[in-house]
Amino acid sequence: MSAHAEYKESFVSKYIFSRDHKMISKQFLITGIVMGVIGMTMSILFRLQLAYPDTSFPILEWLFGKWAPGGKLDPGYYMALVTIHGTIMVFWVLTAGLSGTFANLLIPLQVGARDMASPTLNMLSYWFFFLSTLVLMSSFFVQTGPASGGWTVYPPLSALPQAMAGSGLGMTLWLSSIVLFIISQLMAGINYISTILNMRTKGMSMSRLPLTVWALLFTAIVGLLSFPVLLSGGLFLMFDRLAGTSFYLSDIYLSGVGALEHSGGSPILFQHLFWFLGHPEVYIIIMPALGIASEVISVNSRKPIFGYRAMVISLLGISFLSFIVWGHHMFITGMNPFLGTVFLITTLIIAVPSAVKVFNYLATLWRGNLRFTNGMMFAIGLVSLFISGGLTGIWLGNATLDIQLHDTYFVVAHFHIVMGASAIFGMLAGIYHWYPRMFGRLMNKPLGYIHFWLTFISAYLVFFPMHFMGLAGVPRRYYQFTLLPEYGIWMDVNVLITIAAIIGGVAQLIFIYNFFSSMFIGEKSPQNPWRSNTLEWTSPIEGIHGNWEGELPTVYRWAYDYSKPGEEDDYILQTVPDEGQINPLVSPLMDPVPDGEKIEDVSVSFSILLKRWFGFNRGVA
Numbered sequence: 033m034s035a036h037a038e039y040k041e042s043f044v045s046k047y048i049f050s051r052d053h054k055m056i057s058k059q060f061l062i063t064g065i066v067m068g069v070i071g072m073t074m075s076i077l078f079r080l081q082l083a084y085p086d087t088s089f090p091i092l093e094w095l096f097g098k099w100a101p102g103g104k105l106d107p108g109y110y111m112a113l114v115t116i117h118g119t120i121m122v123f124w125v126l127t128a129g130l131s132g133t134f135a136n137l138l139i140p141l142q143v144g145a146r147d148m149a150s151p152t153l154n155m156l157s158y159w160f161f162f163l164s165t166l167v168l169m170s171s172f173f174v175q176t177g178p179a180s181g182g183w184t185v186y187p188p189l190s191a192l193p194q195a196m197a198g199s200g201l202g203m204t205l206w207l208s209s210i211v212l213f214i215i216s217q218l219m220a221g222i223n224y225i226s227t228i229l230n231m232r233t234k235g236m237s238m239s240r241l242p243l244t245v246w247a248l249l250f251t252a253i254v255g256l257l258s259f260p261v262l263l264s265g266g267l268f269l270m271f272d273r274l275a276g277t278s279f280y281l282s283d284i285y286l287s288g289v290g291a292l293e294h295s296g297g298s299p300i301l302f303q304h305l306f307w308f309l310g311h312p313e314v315y316i317i318i319m320p321a322l323g324i325a326s327e328v329i330s331v332n333s334r335k336p337i338f339g340y341r342a343m344v345i346s347l348l349g350i351s352f353l354s355f356i357v358w359g360h361h362m363f364i365t366g367m368n369p370f371l372g373t374v375f376l377i378t379t380l381i382i383a384v385p386s387a388v389k390v391f392n393y394l395a396t397l398w399r400g401n402l403r404f405t406n407g408m409m410f411a412i413g414l415v416s417l418f419i420s421g422g423l424t425g426i427w428l429g430n431a432t433l434d435i436q437l438h439d440t441y442f443v444v445a446h447f448h449i450v451m452g453a454s455a456i457f458g459m460l461a462g463i464y465h466w467y468p469r470m471f472g473r474l475m476n477k478p479l480g481y482i483h484f485w486l487t488f489i490s491a492y493l494v495f496f497p498m499h500f501m502g503l504a505g506v507p508r509r510y511y512q513f514t515l516l517p518e519y520g521i522w523m524d525v526n527v528l529i530t531i532a533a534i535i536g537g538v539a540q541l542i543f544i545y546n547f548f549s550s551m552f553i554g555e556k557s558p559q560n561p562w563r564s565n566t567l568e569w570t571s572p573i574e575g576i577h578g579n580w581e582g583e584l585p586t587v588y589r590w591a592y593d594y595s596k597p598g599e600e601d602d603y604i605l606q607t608v609p610d611e612g613q614i615n616p617l618v619s620p621l622m623d624p625v626p627d628g629e630k631i632e633d634v635s636v637s638f639s640i641l642l643k644r645w646f647g648f649n650r651g652v653a
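Terminal number for the sequence shown in my numbering: 653, no gaps in between.
Derived from the structure by calculation, the hints contain no laboratory data.
Fair warning: this is a prediction, and the values are worked out from it, not measured in the lab.
There may be inaccurate statements among the hints.
Said to hold, decoys possible - Derived DEER-like restraints, expressed as beta-carbon distance ranges:
hint, residue 1, residue 2, range
1, VAL174, GLY288, 37 to 45 Å
2, ILE426, VAL66, 32 to 40 Å
3, ASP601, PHE404, 17 to 25 Å
4, ILE544, TRP94, 42 to 50 Å
5, ILE91, PRO369, 47 to 55 Å
Think of the CB as a built atom: it goes at the ideal place given N, C-alpha and C, for glycine as much as any other residue.
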C-alpha cells in the first residue's frame with residue numbers, strides 16, 4: 033500500500049470504538065434512548081399496581097416470573113422497579129444521555145475544534161458508561177433481584193445484605209454500576225472543560241460562545257466537583273457491606289438475628305454525602321437542557337437572545353448556589369433548626385438566577401418572528417414545565433411546609449416536572465434541532481407535532497394531580513393504597529395518572545419510530561436548515577472526522593446576530609466579518625484591545641477576559 037493511500041476505517045473503529053466526537057454523541061444518545069424506554073416501561077408497570085392493585089396482569093408473570101406470582105407484583109419487587117426506574121432516569125438518561133449526547137456533539141463543533149481535547153479519553157468515557165449499564169441491568173438476573181432500597185439507597189437497608197432480598201447482590205451491583213458511571217462522567221467532564229478552554233478557534237473568545245457551550249461548561253465543572261463526593265460515599269457503603277466497617281451503621285437490630293456488631297456510624301452521614309451530589313445533580317441535568325433551549329428559542333424567534341451576559345451570570349450563580357442547598361432534602365432528619373434556616377435561605381436565593389433565565393426566554397419570545405418547528409415546540413414546553421415545577425420548589429424549600437409535604441406525592445410531582453419532564457423536553461428539543469447535523473436528514477414534522485402534544489398533555493396529566501395528593505398527605509413509595517381507607521379515595525386519580533402515563537409511553541414510541549426511520553427515509557437536510565449562526569452548520573453535512581476540510585473557521589462575531597437592522601438576511605454566520613473588520617478578536621461591538629494587551633494565540637487569557645468582560649458585546653447582549 034502506498035504511504036499516501038487513503039486511510040479507511042474499519043466498521044469497529046468507525047462505529048464501535050470510535051474516537052470521533054460525533055459518533056460518540058450518537059452512542060450516548062442511542063444508549064440513553066434504550067435506557068429511557070426501559071425506565072419508562074418500569075414506571076408504567078408499577079403504575080399498573082397502584083391503579084389496579086387487585087387485578088392480575090399475566091404479562092407481569094411472564095416478564096418477572098417468581099417476582100410476580102399470579103400476575104401481581106411482589107411488594108419487594110415493586111420497590112425494586114421504583115428504585116431502578118429512578119436510577120435509570122436520573123443518571124443514565126438525564127445525565128449521560130443528555131450531557132453525553134450534546135456535549136460531545138456541540139462542544140467541538142460550536143467552538144471550532146477538530147475534536148475533543150482527548151478523543152481516546154472521550155471513547156473511554158462512553159465505554160465505562162456502557163459497562164456501567166450492563167452491570168446495572170445484570171442485577172435483574174440475580175437470584176435475589178435488583179436493588180430495592182429506593183434510588184437514594186439510604187442505609188441501613190442498603191448497608192445490610194441480609195436486611196431484605198433487594199439488599200443482597202443486586203445492591204452490590206447497583207453500587208458497582210454507580211462507581212463505573214462516575215468514572216465515566218469524570219473522564220467526560222475533564223475533556224469538556226479542556227476542549228472549551230483550550231481549543232477554541234481563532235476569534236472565538238469566551239464572550240462569543242453560544243449559551244449551549246456555556247451551559248455545558250458549567251455542567252462539567254459542577255459534575256467534576258460533586259461526583260467524587262458520591263463516589264466516596266458509595267465506596268464507604270461498600271466497605272460497610274463487604275468489610276464489616278461501620279461508617280453508616282450503629283446499634284442495628286435484625287429480626288431473628290438480634291443486635292449486630294456495629295457502632296459509631298451514622299446513616300445521616302450518607303444522606304449528607306448523597307445529597308451533596310444529589311442537588312447539584314439536579315442542575316447537572318437541567319443546565320444542558322436550558323442551554324439547548326436558549327439556542328433553539330433564539331434561532332426560531334429570529335431574535336438575539338435577550339440578556340446574554342445575564343444568562344451566563346445566572347448559570348454561574350446556579351452552579352455556585354447548587355453546592356449550598358443540599359440540606360433542604362434533610363429538613364426532617366433532626367437537623368438543627370438554625371442550620372435548616374440557612375438551607376432555606378440559600379434554596380430561595382437559587383430561585384433568582386432560575387427566574388432570570390425564564391424571564392430572558394420569555395423576553396426573547398416576545399414579539400419574535402416565531403417558527404414553530406418541532407424543536408421550538410419542545411423548547412417552549414420546557415419553559416412551561418420549568419415555571420410550573422419551579423414554583424412548587426419554593427414550597428418545598430420552606431422548612432415549615434416541607435416537614436408536612438416531605439415523602440408525599442407533592443415531592444414526586446415537583447421533581448418530575450422541574451427536573452424530569454423539563455430536562456426530557458430540553459433533550460427532545462435538542463434532538464429535533466440537531467438531528468440534521470447528526471444524521472444529515474430531517475425528522476418527520478407532523479409526527480413530531482403529534483409527539484409533542486401527546487407528551488406535553490400527558491406530562492401535566494400525570495404529575496399535576498400528584499400535587500393535590502401530596503397536599504392531602506398521600507405518601508409516596510407505597511405499594512397499595514386500598515389498604516388505607518383515608519387514601520383509598522384517591523384511587524380514581526391513580527387510574528387517571530396511570531392512563532396518562534400509558535398515553536405518554538405510546539407517544540415515545542411515535543418518537544422512536546420517527547427517530548430511527550428518518551435515518552433512512554427522512555428528507556435530506558440542507559447545509560443549514562434552520563438558518564442558524566453557529567459554527568456547527570458550516571461543517572460539511574457528511575460529518576467528516578475533523579469537522580472541517582482545510583483551515584478551521586475564523587469567528588468575527590457573537591452567536592446571536594439575528595434580524596440585524598440594515599442587513600439583507602435575518603441571520604449572519606459567526607464566520608462573516610463586519611465591514612472593515614480585520615482582527616477577528618475585535619468587532620465594532622467590542623472595546624478595542626488596549627495597547628500592551630495584544631492577543632497572539634487562539635484563546636483569550638482569563639486575565640484579559642476578566643478585565644474586559646463587561647465591555648464585550650456592548651449594546652447587544
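PRO369 and ILE91 - C-beta distance against the hinted 47 to 55 Å: Given a distance of about 50 Å, which is inside 47 to 55 Å, the answer is holds.
CB-CB spacing for VAL66 and ILE426 relative to the 32 to 40 Å hint: Given about 36 Å between the Cβ atoms, the range holds.
Note whether the CB distance of VAL174 and GLY288 lies within 37 to 45 Å or breaks it. About 23 Å separates the Cβ atoms of VAL174 and GLY288, which means 37 to 45 Å is violated.
Falls inside 17 to 25 Å, the C-beta gap from ASP601 to PHE404? holds, 21 Å
Okay, ILE544 versus TRP94 on CB: inside 42 to 50 Å? violated, 22 Å
Checked against the numbered hints given earlier, the structure breaks hints 1, 4 and satisfies all the rest.
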